[in-house]
Structures are given as C-alpha cells and as structure tokens.
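Read top to bottom, the protein sequences are chains D and L.
Be aware that the first sequence starts at 1, since it is given in the UniProt record's numbering, and climbs by one per residue.
Be aware that the second sequence starts at 1, since it is given in the UniProt record's numbering, and climbs by one per residue.
Simulated from the structure, these hints should not be mistaken for laboratory data.
Please read all numbers here as calculations on a predicted model, not as lab measurements.
Each hint can be trusted.
Copies of the same chain are indistinguishable here, so a pair counts whether it falls within one copy or spans any two.
No more than 30 Å apart at the CA atoms, straight line, and that leaves these computed lysine-lysine pairs for DSSO-like: (1) K143 - K372; (2) K8 - K143; (3) K142 - K8; (4) K142 - K372; (5) K199 - K249.
There are 2 protein chains.
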Amino acid sequence: MDSASPLKRYEALAADIEASIRSGTLRVGDRIPSVRRTGESRGVSASTVFQAYYLLEARGLIRARDRSGYYVAEGGSRAAPPEAELSSQPDGESVALDISEHVFSILEASMTREVVPFGSAFPSPLLFPLPRLGQILASAAKKLDPWSTVDDLTPGSVALRRQIALRYLANGVNVQADDIVITNGALEALNLCLGAVTKPGDSVIVESPTFYAALQALERMGLRAIEVPTHPREGIELDALEQAVVRHKPAACWLMTTFQNPLGSLMPTAKKRALVELLTRHGLPLIEDDVYAELYFGDKQPVPAKAFDTEDLVLHCSSFSKSLAPGYRIGWAAPGRFARDVARRKLTTTLNTSVPTQLALASYLERGGFDKHLRKLRQTLAMQQATFAQAVGHHFPEGTRATRPLGGYFMWVELPQQVNALELHRRALALGISIAPGPVFSATGGFAHHLRLNYGHAWDARSERALATLGRLAGECANGG
Amino acid sequence: MDSASPLKRYEALAADIEASIRSGTLRVGDRIPSVRRTGESRGVSASTVFQAYYLLEARGLIRARDRSGYYVAEGGSRAAPPEAELSSQPDGESVALDISEHVFSILEASMTREVVPFGSAFPSPLLFPLPRLGQILASAAKKLDPWSTVDDLTPGSVALRRQIALRYLANGVNVQADDIVITNGALEALNLCLGAVTKPGDSVIVESPTFYAALQALERMGLRAIEVPTHPREGIELDALEQAVVRHKPAACWLMTTFQNPLGSLMPTAKKRALVELLTRHGLPLIEDDVYAELYFGDKQPVPAKAFDTEDLVLHCSSFSKSLAPGYRIGWAAPGRFARDVARRKLTTTLNTSVPTQLALASYLERGGFDKHLRKLRQTLAMQQATFAQAVGHHFPEGTRATRPLGGYFMWVELPQQVNALELHRRALALGISIAPGPVFSATGGFAHHLRLNYGHAWDARSERALATLGRLAGECANGG
Chain D
1 MDSASPLKRY EALAADIEAS IRSGTLRVGD RIPSVRRTGE SRGVSASTVF QAYYLLEARG
61 LIRARDRSGY YVAEGGSRAA PPEAELSSQP DGESVALDIS EHVFSILEAS MTREVVPFGS
121 AFPSPLLFPL PRLGQILASA AKKLDPWSTV DDLTPGSVAL RRQIALRYLA NGVNVQADDI
181 VITNGALEAL NLCLGAVTKP GDSVIVESPT FYAALQALER MGLRAIEVPT HPREGIELDA
241 LEQAVVRHKP AACWLMTTFQ NPLGSLMPTA KKRALVELLT RHGLPLIEDD VYAELYFGDK
301 QPVPAKAFDT EDLVLHCSSF SKSLAPGYRI GWAAPGRFAR DVARRKLTTT LNTSVPTQLA
361 LASYLERGGF DKHLRKLRQT LAMQQATFAQ AVGHHFPEGT RATRPLGGYF MWVELPQQVN
421 ALELHRRALA LGISIAPGPV FSATGGFAHH LRLNYGHAWD ARSERALATL GRLAGECANG
481 G
Chain L
1 MDSASPLKRY EALAADIEAS IRSGTLRVGD RIPSVRRTGE SRGVSASTVF QAYYLLEARG
61 LIRARDRSGY YVAEGGSRAA PPEAELSSQP DGESVALDIS EHVFSILEAS MTREVVPFGS
121 AFPSPLLFPL PRLGQILASA AKKLDPWSTV DDLTPGSVAL RRQIALRYLA NGVNVQADDI
181 VITNGALEAL NLCLGAVTKP GDSVIVESPT FYAALQALER MGLRAIEVPT HPREGIELDA
241 LEQAVVRHKP AACWLMTTFQ NPLGSLMPTA KKRALVELLT RHGLPLIEDD VYAELYFGDK
301 QPVPAKAFDT EDLVLHCSSF SKSLAPGYRI GWAAPGRFAR DVARRKLTTT LNTSVPTQLA
361 LASYLERGGF DKHLRKLRQT LAMQQATFAQ AVGHHFPEGT RATRPLGGYF MWVELPQQVN
421 ALELHRRALA LGISIAPGPV FSATGGFAHH LRLNYGHAWD ARSERALATL GRLAGECANG
481 G
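Looking at chain D on its own, in the form it has when it is part of the complex:
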C-alpha cells in the first residue's frame, strides 16, 4: 500500500463499519444501514458505499440477505479472540539482568525480509511517504548551508525543534523548542535519559511485560529492574507501583503509557495524571517512551503523562521512526530538568544527529501534510488490526486471548498454558515465520505462553497462510505435540 495516495473513500468507509462491528456497536445479525442512507449520511456516492460493502463482504464481515440489504455475518464469520486479562504477576523483587544474549539470538533471526514479520518491531516501510520525504530531503540537501553542519550541533536544528514544539502545543503539552534535544531515534533519547537519572547499581521500575530494549539498556548500564504488574488495557498498576517505590527506592521509572510495547495498553488520562502525581510525591523521574503516540485509532490523540508534569520530572521521548520516516533516525527527548545533562551526554556519545535529515524533516513538517498522512496511517493500522484479530480468532487454538489495542501495531496474545512460546518461536522460524515470544519481555522469565504479534504489514495471502500455520503450530504445542 502506498500512502502517497490517500486512503480511498470506500476503504475509509469500510474501515469505519469494521470498527463498529469489532467494537460491538454492530452485532451479528444486525442490519447495516442501507446504501442510500449511508451515502447521504457520509456525503458519498452510492457506488462508493457499494464498493465498501463489497469489500466488507469479501472479508466475510457482512453478507447480503436476499433483497433486504446487508447484515453483520454470523459469528462475524471470524470473531476476534477474547480480550487478554491481567496475567503479569512478577514477584516484586529487583533483579540484575542477563537477558541480552537471549533476546539477540531471537531478534537477529527475524531480521530478514524473507521471514513473515509477525515478530518484527517495525511496521511496513510501505506505510510511509518515503518518496515524498526523499524529494524534500533532496531539496534540503541541495540547499544545505555548510555552516548548518556547525550551527545545528546538539541540541539540534532549531527549525526542527520548533516544529516538534508546535506539535506538543497542539496536544496541550507545555514543551518549548529549547526543552528539546534531537537524537538518533527514540532509542538514543531513552538511553541518554536513563543515563542522566541513574548510576550503576540503581534500580529502575519497568512494566511487566516490558519492551526488551529497556531491559537491554538497564543491563548494559549495570542497573537493576523492578518489574511491576501491568494491565493489558490500562497500563501499570499504580498500587503495585507505589509499593515498589517505597520498598526499593528506585532511581527512575521507564514506562510506555500510550500503546505500550508489547501489550498495546493505553493508560486512561486520569490514571496518567495520578501516575505523575504519585511519582512527583516521591521525587521520582519518569522516562516516558511515547513512540506510538501518533498511532491512535480514536478521534483524539491521547495526552502523554508529560502533560501533567508540573515539576519537570518527566523525560518524554519520541521519534518520527514509527509515524513518518523509518530509517531516517530522527527522534528527540524533552527531558524536563534533565535537558542540559541529556544534551551533554549526547555531545559526548554521538555528538550530533545527521544534519541533512534533520533539515528535511523540519521542511516536511513546515509544508504540512503530516496530519493527512497520519490519518491514513491510523485508518490502515486499525483496519489491519481488525483483520488480524479475526484471523487469530479463526486460526488459533481455543483458550487463546489477545489484546485489542486502541492504537499502534502490536497485539499481545496469551496462548493456552501448555504452549511454550520459545518452542513455538523455534518451530515457526523454521517455517519462515517470526514471532516475538513472551519471555523476551521480562527479566524474570514470565510470559512463557505469550506472544507479541505485529499487524503493521499489509494483510495478504502470504500473511493469511503464515497466521494459519502459526495457529496450527500453537495448537500442536497446546496438545503437547
């Protein structure tokens, strides 16, 4: 799918109806509004509505009944699996880390285009306006003022920092251009922030399950992890968090409050506010990894915890890698009171971020078009999630549960207890299918029968076959095969 061309009207309409079905607004057997009524209410032609209905019918979501119109298909023809429940019960200890070797051997196996990328951490690069960005980069590169290679040293291009600050402003977050440090992707921002608020031997609170890169960073820096139970829909449990803070006196928290990796959980706004209040009471810095913030499926962008940061204790990190420009490696930190230290750490570790790419992104953002691209990206991902969830429901063994995140491109799948996810990973990889097995998301060995699946790639016959194969393998594992 080429995002340079906008999502077609009938595709957008189909996505909306699909969302209504999966959210339960429309149930099995419900009649879909007539072609004429839908055309009127949406302001589109009858043929657009027909195309949308045909598409939904082809997907098995609705079916025509005689001459009386369209109805939601039985059992949705393929129902999504039940929602995942809180399954994280870490023992609350602070642990030293030794997971990197394990994680690497699993991740490196998946880093090839030949493998079906259900285990990948990245969405399809075809979802992004890379041709348009290329043109703008071309123009920026040709006009490059040589002195900008000196002037745009860390904290980074003023033009780009200003554009990022404008986006914070639009989302109601008080971050100014001067508060921002441009980095080589969000991962560098997160690592710099972690270095700024800890010293070796300190403990850091993370979610359970958590993004493996957080565990790798803690391990590399000689830090200890405290894993705190995290709800698959609403994020980290605040009571458990406060107990851990009191008991372990950690140096910081590293959390994803919006579309957490791997759960996809979205912490409700009031809970985010309560989180920041809790941490502020304890004077505890929060490193907020917010790389999926733009990938929401609802009407309104979720606000980050940073929005409630009255004491400049939240180090907010994000990037354009998942929203606009994969491979360009442009991210940033808004590190609050730690901004100066973060900038200096950047200066002494990687000095600076590529100047032409910084200027290209600034130019792209100045010209407009980012929001239009994002609308289409969100619709596409929402649609792919719906299709993917139904396929999981169809192919995976009974007892499977899964999260249905309100954004992002990850789904957390809980398989029957007998399934060993690492064994499933090995078997799937042998057949050219990658998954991210649950154990890589914990330092304490939990999530033995869980997976993270990536639905950020176009759904096609190859994915359908691969997911069917994966479901079959999971069934075999469940039956002790």
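With chain D's structure known, arrange chain L on it following the hints.
Chain L alone, transformed into the frame defined by chain D:
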C-alpha cells in the same frame, strides 16, 4: 574556498614550494629554481609558475632579486616558532575523572559562528564538497527502496561497508566489509568500542595530552584514566606505556597514532608495529581513533596500527566527518574480535545509522572523486598550516614553541611558563576569539601554559587580526599583565 573546483595548478605548486621552505629543504637566501626549469620539471606552463611565484611573493615567503630570479625571503619574513618538545610528565597514577563540567563550559562558549574558531574541533565546512554530496544525497533519497530502511539495519549498509573496506585494502589493511559496523560518527564508534572492552572501575591508558572526548567517555562510564607521556612528534612513549600496563593492568588503551589530537603527532610506522606487538603480548585491546588518517601532507597515507593487528585486538575507529561530509554523521568501527559486541551495543543504544545518508556516501564513493577532493583538501590544510605557523612565530611572545604536524588541522602551542592558558582563554573569548586551553586535554591538570589551535579555516584578514590579538594577550599574560 569551494572544494568543488580543484586546487588550481599554481596553488598546488606554491603549496609544494612553501612546504619545502618550512621543512628546511629551502633555506633563507636559497635561490628558487628558475621559471623555465620548474615549468619543465612539473610539466606546467611558464605562466602557471609565475602565478605560483607571485603568490609566494605576496605571502612574503620569497622575493625577486634584480633579474637573477627568486630567493627565499629573509627570516622567511615570518618564521614559524621552534618545534615543541616533550612536555608531558604525568605522574603515572590511575585517576578517577571529574573534568566534564570544566570542558563543557569551555567548549560551549566556542560553539558559535561569531567567534574566531581557533579553539574549534572542526575544520571549516567550506573545505568539503557539500553541494556535490547534496546532489548525490538527493538522488539517493529519491531512489530510496523503502525496504532498505529495514535491510540496512546495524551493522549498516552493505554498499557503504564495502566501499570502506576497499579503502582499507588500498592502504594495505586487512579489514573486510563484514568486519565493519557503521556508526553515528566516529565518536559513537569510539564509545561503543570502549563499552565493549571495559567494565566500570577499569583503567584505560590514554595519551598525555589526550583528546578530551576520551576523558569524557571514561568519566561517563566510571573508568579510570592512566595518562602516559606522549611525544609531540612521535606519539606515546612505549617504555612508559609498558610500565603502566604492568603496574595498572588496564583493560584497554585509547590512542590516536596518526595526527594525534591535540599534538598532531604521527607515530612512525615501525613504532606502530612495536606498539601493537607490545599490546598483543599483554593481550590488551587498542581503541585506535583514526579520524585524521586521510589528512596527511606527505606522499603516502600513513598506515594505522590496525595494519599490524594479527590477533584482532585493535578496534579501529574513523569517520567521514573530517574528510568528506561534516554533519552527515557517518563513521564506523572495525572492532576486530569485538565486532559482534560492538554491533549489539549499537543496536541497543541508537539502533541504526540514518539510511539515506549512508546510501548517499556509498554512492559518492562508488562514483569516484573522493581522492581528488582529498588531494586538494590536504594541500589546502598544508598551506594553511604554513601560514598559520608563520603568524604564530610573528605574533606570539618569545619562548613560544609549537608542533608542525605532518597532517590534520591542529597545532599544539607551548607558551612561556608564566602564561595561564585558562586565563588567556577567558581574555581571548571576551574579544571574540576561541582557543582550546591545555588543561582540557588532561585529567591531572597539566598543560597549564599550552593551547591547541585550529588552522582548518581559511586564513584571512580576520584571522590575522585575531591571531595578532591572541599573541598580544599571550605576551601580556607572560609578563604578568
């Protein structure tokens, strides 16, 4: 100066004669070869030779005597200062570090285009073919295969690694494309390598004086520094090095064997071989910072210590930032047996290096033209060094000594003992002139009356005035003013 146009023939000829004068091959009063003979031996027209001689005359280096031809001008009109001597006498202890605050306050003051950049770490961005690179980046960006943003993950673009490996090959160093990890500039390469061979609390051998970024990296990682005396012309003293190895059992060395920053010293090839043999006997990894390798003024590129690395113990680090593409942030490590660990550290700290810029540099190198650009760059820097050295000799107080490196763009200046370089730095900065005072190049507080000066910017009336001012201030400091 725009390096897109090649150095003109007469400029190249003038540079060569200037080099002969400053090296002592031609002495005051010597007759310069006649126009006809020079034209014949160089294969250029008489008018080219005349232009070269006029240029040298305008610079006060030669003068016409009646009708008998050109002679080296008296006293060179402005002689360079005497060569610096070994002045580094660290006490050989291993020390914990606390220099960053100090260094930052000095460096940050110089980071503005308004200040005369004698203290800068960077050469003029006008020395590089940025317009041509911009065109190639434009072309690479427009043709970008979206999947390259996935495929060219760390260790980096195969095309670029291959081009780098070809340059190693041409210089007689056995490094293959698979041995290379592309990084966000050399500084990231050095930091990753340091992380790969040390753990907190370890000691690391550095030169005295040493590049402050090495001290900053050691400090950040909780490492101790052992400063070893380093000769201003021939690099680190091997006897002292071996004593330090035996006494302190360090985890690694971090050295610049070619055009050391700040001295400009070039370790002779035989000494490099002996260095590697010494370290290999002790099983000690060498992090070789080789960012100035391409900036040699002689006929032949110096080989790095890496050339003698039979045990894969040398972690060779370099970049294109000082030779081709400032601001692009493309560097690399050839970390020998530590390559896998270095790649993994890259994956967990900054994930990947900007893909379009990697592909642009690969494309530039494939097309050819790099060597031509480098020849001109080297000639320009050699010429600027000669002019700069003469100006230092002219304006600085008696008793001043300076290094005359055979490459790079730094000169190490030893002022009369009474001069406090930090005080001089403050006074100069107040007048809009930056310098890099000696104390930032040591963790033990040496080099109180030393400076590093940058001659990598075009010499013009502003630089002449600024250097005169600096010399006057140095004289005032020397006289207790």
